[in-house]
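Asker: Throw the hints in and build the complete structure from the sequences for me.
Number of protein chains: 2
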Amino acid sequence: MPDKGELNRQRIVAAANKLFYQRGYNQTSFTDVADAARIPRGNFYYYFKTKDDILAAVVDYRIEMITAMLAQWDAEIAAPRVRLQRFIAMVRNSGKELARFGCPMGSLNIELGKAQPALKAKARKMFDLFRDWLAAQFKLLGHPDAKELALHLLGRAQGLAVITQVYADTGFLNTELDQLEAWLDKYV
Amino acid sequence: MPDKGELNRQRIVAAANKLFYQRGYNQTSFTDVADAARIPRGNFYYYFKTKDDILAAVVDYRIEMITAMLAQWDAEIAAPRVRLQRFIAMVRNSGKELARFGCPMGSLNIELGKAQPALKAKARKMFDLFRDWLAAQFKLLGHPDAKELALHLLGRAQGLAVITQVYADTGFLNTELDQLEAWLDKYV
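Top line first, the protein sequences correspond to chains A and B.
Each residue of the first sequence is one higher than the one before, counting from 23 in the working numbering.
Each residue of the second sequence is one higher than the one before, counting from 23 in the working numbering.
What the hints contain is simulated information worked out from the structure, not anything from laboratory work.
Only a predicted model underlies this, so the values are computations on that prediction, with no experimental measurement involved.
Any given hint could be a false lead.
Same chains, same label: a pair holds when it works inside one copy or across any pair of copies.
[Claimed, not checked] Listed below are the simulated DMTMM-like cross-link pairs for lysine to aspartate or glutamate, each with C-alpha atoms no more than 25 Å apart in a straight line:
#1 Lys142 x Asp191
#2 Lys161 x Asp207
#3 Lys144 x Glu203
#4 Lys147 x Asp167
#5 Lys40 x Glu119
#6 Lys169 x Asp200
#7 Lys144 x Asp191
#8 Lys208 x Asp74
#9 Lys144 x Glu98
#10 Lys142 x Asp96
#11 Lys144 x Asp74
#12 Lys118 x Glu86
#13 Lys161 x Asp191
#14 Lys144 x Glu28
#15 Lys71 x Glu28
#16 Lys208 x Glu170
#17 Lys73 x Asp54
#18 Lys169 x Glu203
#19 Lys40 x Glu86
#20 Lys142 x Asp54
#21 Lys169 x Asp154
Answerer: The following block contains the structure:
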């Protein structure tokens, strides 16, 4: 069972994860995170010395979540075709959040990619996870250009996320995801 | 001929435009803009009272640039098919900047879309311009679903911009733009 210190740490990471997504990393202050986690500023420094440290923990947390999700899909779904469809379904199920705040991993990478290269290198690992998992499925289906197909699918999903956020409209998202499923049908 | 005040104002907008693109809006301070434009802080307030005012001027400036570019394409290129190809060529020509800083209008919208709705509503107008111009071309080609096709093309381009920035790689961009040209060929 995690001790109190570990529980506090988890509470901070969960609060920061939400704020970084909903406001952006640079728009979230150290104090915002401490307030949202309801940890006094004095105690807070025991867990994290800088906002960059919090970001590293948030990215680790998201990577754990993505890894666990993909492992679950692997365990529950035998056919690579259905696994790829599951990925598209995930995007569809996120419509409301995409329309409001954009893609958590896309928006974080775009934000940090401009002028914070060390932080962006961390955030990119989320993309690597999806890219490699998608490529593994296309490879199982016998496609030598599995990595290109994976990036194509990831890029299409990112583009949909941008337009969905810009126009705060999930109608476009759903029509486009139907088309993306039709694209996928050609490869499975 | 513009007077000195107007020239100073233009210098501020040009400096801010570059900083907002290369660092992000929220990562750029009032002082950063004043320093980059080499305008003393005291004089600066004569031109702009708040950073939000600068953003409004930057968006107006970008909208003018985009409008002028699209008008030039309309004047120089008669065939809607070739105009649409010109749009794709523009994305291709921006590869280096996309890999380094992402798409200027996409990244600004994503950043402001999270928690600054009034500023985002301004920034969205850049998307409207491209969407309407692309839709006009598809309409000239006789497609009743011209608006959907325009958003599809815009979304594909945005997705490419995200992946190109995430992996700082223009190789993927060029391969995907070839595919996007092939997609376009089906509609022209």
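Asker: Hints the structure violates: just list their numbers, smallest first.
Answerer: 3, 8, 9, 10
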